[in-house]
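Asker: Turn these sequences into a full structure, and let the hints steer you where they fit.
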Amino acid sequence: DTGVSQDPRHKITKRGQNVTFRCDPISEHNRLYWYRQTLGQGPEFLTYFQNEAQLEKSRLLSDRFSAERPKGSFSTLEIQRTEQGDSAMYLCASSQTGGPEKLFFGSGTQLSVL
Amino acid sequence: AQKITQTQPGMFVQEKEAVTLDCTYDTSDPSYGLFWYKQPSSGEMIFLIYQGSYDQQNATEGRYSLNFQKARKSANLVISASQLGDSAMYFCAMREGISGTASKLTFGTGTRLQVTL
Chain E
1 DTGVSQDPRH KITKRGQNVT FRCDPISEHN RLYWYRQTLG QGPEFLTYFQ
51 NEAQLEKSRL LSDRFSAERP KGSFSTLEIQ RTEQGDSAMY LCASSQTGGP
101 EKLFFGSGTQ LSVL
Chain A
1 AQKITQTQPG MFVQEKEAVT LDCTYDTSDP SYGLFWYKQP SSGEMIFLIY
51 QGSYDQQNAT EGRYSLNFQK ARKSANLVIS ASQLGDSAMY FCAMREGISG
101 TASKLTFGTG TRLQVTL
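Protein sequences, first through last, are from chains E and A.
Using this note's numbering, you'd call the opening residue of the first sequence number 1 and step up by one each time.
Using this note's numbering, you'd call the opening residue of the second sequence number 1 and step up by one each time.
Among the clues, some could well be false.
Stated by the list, open to error - In the DSS-like style, the derived pairs of lysine-lysine whose C-alpha atoms are separated by at most 30 angstroms in a straight line are:
#1 E/K71 <-> A/K104
#2 E/K71 <-> E/K57
#3 E/K102 <-> A/K104
#4 A/K3 <-> A/K73
#5 E/K57 <-> A/K73
#6 E/K102 <-> A/K16
#7 E/K71 <-> E/K102
Derived by calculation from the structure, the hints in this document are not laboratory data.
Answerer: Have a look at this one:
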């Protein structure tokens, strides 16, 4: 049973560049979440999918951010025209609906915008 | 208003001793769930324990137990028989709403636990 995997683990980019992250959830999980974690803080919810449908987006997710989950499997998170304030750890999590719905997190992608 | 408060930025505990990590929460929703996650230096958030607002008994998972005091809105994590591998950041989190709603968790700022010999 493989867990949630994220790629890349680290990304360094220059301000103004576009970046894309990938998340592969646990295969039988129908929900997928993106969270962002800045230094010294807990993770903050960004968006989530149920199967391929993006059902909610946080107001933290500006127009420069877009997420997709084609075919309800893996997901990508793209940030366009990156800014230094985008530097953070981007965490992906997946879950199966029902019960207390525990989230299983990946190891995250650490983004540094120079 | 902050929904999850963890007042201990850092804690030390000796190996084999028990330690309590504090968490208070604020919600007007009668249905909610409380979670504790561990984040080692590798970055992955590891689920530890869950308590539902309607659960009658305090949750336990191995060496972890949750001291749930609903009237005081507190959900403290107790780790018994601490091990060196328990050194990590610990986050308390809350989901408002009934089971089946999305797990949009609100996290606290975390407590860094250091286990010493």
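Asker: List, from low to high, the hint numbers that the structure doesn't satisfy.
Answerer: Per hint list: zero violations.
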